[in-house]
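> Heads up, the sequence shown is in full-length UniProt numbering, so the first residue is 1 and it goes up one at a time.
Derived from the structure by calculation, the hints contain no laboratory data. Any given hint could be a false lead.
Ranges between beta-carbon positions, derived for each pair [unchecked claim]:
no., residue 1, residue 2, range
1, His48, Ile302, 22 to 30 Å
2, Met324, Pro238, 17 to 25 Å
3, Leu7, Trp264, 39 to 47 Å
A quick note: this is a predicted structure, and the numbers were derived from the prediction, not measured. Yeah, the Cβ is synthetic: ideal placement off N, Cα and C, and Gly gets one too.
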Amino acid sequence: MNPQANLIFIISLLLGTTITISSNHWIMAWTGLEINTLAVLPLISKSHHPRAIEAATKYFLTQSAASALVLFSSMTNAWHTGQWDITQLTHPTSSLILTSAIAMKLGLVPFHFWFPEVLQGSPLTTGLLLSTIMKLPPIALLYMTSHSLNPTLLTTLAILSTALGGWMGLNQTQIRKVLAFSSISHLGWMAIIIVYNPKLTLLNFYLYAMMTATIFLTLNTIKVLKLSTLMTAWTKIPSLNAMLLLTLLSLAGLPPLTGFLPKWLIIQELTKQDMAPAATLISLLSLLSLFFYLRLAYCTTITLPPHTTNHMKQWRTNKSTSIMIAILTTMSVMLLPISPMILTIV
Numbered sequence: 001m002n003p004q005a006n007l008i009f010i011i012s013l014l015l016g017t018t019i020t021i022s023s024n025h026w027i028m029a030w031t032g033l034e035i036n037t038l039a040v041l042p043l044i045s046k047s048h049h050p051r052a053i054e055a056a057t058k059y060f061l062t063q064s065a066a067s068a069l070v071l072f073s074s075m076t077n078a079w080h081t082g083q084w085d086i087t088q089l090t091h092p093t094s095s096l097i098l099t100s101a102i103a104m105k106l107g108l109v110p111f112h113f114w115f116p117e118v119l120q121g122s123p124l125t126t127g128l129l130l131s132t133i134m135k136l137p138p139i140a141l142l143y144m145t146s147h148s149l150n151p152t153l154l155t156t157l158a159i160l161s162t163a164l165g166g167w168m169g170l171n172q173t174q175i176r177k178v179l180a181f182s183s184i185s186h187l188g189w190m191a192i193i194i195v196y197n198p199k200l201t202l203l204n205f206y207l208y209a210m211m212t213a214t215i216f217l218t219l220n221t222i223k224v225l226k227l228s229t230l231m232t233a234w235t236k237i238p239s240l241n242a243m244l245l246l247t248l249l250s251l252a253g254l255p256p257l258t259g260f261l262p263k264w265l266i267i268q269e270l271t272k273q274d275m276a277p278a279a280t281l282i283s284l285l286s287l288l289s290l291f292f293y294l295r296l297a298y299c300t301t302i303t304l305p306p307h308t309t310n311h312m313k314q315w316r317t318n319k320s321t322s323i324m325i326a327i328l329t330t331m332s333v334m335l336l337p338i339s340p341m342i343l344t345i346v
């Protein structure tokens, strides 16, 4: 793709995200979402492969349907209350329609079908944008309307997302699809707590985005898309593969690592809200996703395939990305000890 065109699309993406996050009026929020959708479409389909074109078409159809629902819910609310302010979404039907629209935009169950397909058809860098930046505007809208959302509906969606995200990721061999189901599972953790403590949802999202960015950038550096090629990738940059193992375990939420922090806080908050059964259920369901993270981690470092070609190990990589990967990896693994400080900031 032409670098100037690429730059325009990236700037439009950031502009759309900023407009949605900083707006008070529903029409402005909707405009930001539309700019976002239109800016990311060329980035998905830039390889001109049939799979990429199919992914772009699926993305466009689902996102435009979700945007129409957002507009519909805000108009219904304005019709009944006379308010266009995002925080004044008080009509129950409007909040119900908005919840389903945001669930469709994020890829929460039962509107998750498009996400693995779109991620599989996109390049790794676009996949990184779809998994992180593109999820920020819908989550910001949920954050602003959290006081009027239906807790029962969100808890149901969250538990279903964690279950299906873990279940459907078990049998995948394509790493992008595994990461898509991992994203669906994490969104379940964010959705369950949004009504009770919205700041925890944002903290969870920031940490998830950081760990996912680390994994996508690492995979992009070692040029790996499938589990079978991941097994032989350790010969390229062994140190990076060792760090990828730790980041995967952090994303799974194992205790000494950063990824444990949001899970621990969410379980604690759910218990305070007398939702111990929901906390137990979502914790048990996250064990499903732990299995495929362990599978990825096993393929990354522990597997030694036969007939590995003997060649020089590549200890030097692209300077610009390697510094970023080093910073992100360190943060993805070692933030748990400073959790009190993180909580005071959030």
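> Between Leu7 and Trp264, does the C-beta distance stay in 39 to 47 Å?
At roughly 40 Å between Cβ atoms, Trp264 and Leu7 fall inside 39 to 47 Å, so the hint holds.
> Can you tell me whether the CB distance of His48 to Ile302 sits inside 22 to 30 Å?
The hint (22 to 30 Å, Cβ to Cβ) is violated, given that His48 and Ile302 are roughly 38 Å apart.
> Is 17 to 25 Å right for how far apart the beta carbons of Met324 and Pro238 are?
With a Cβ separation near 20 Å, Met324 and Pro238 satisfy 17 to 25 Å, so the hint holds.
When each numbered hint is compared with the structure, a violation occurs for hint 1 only.
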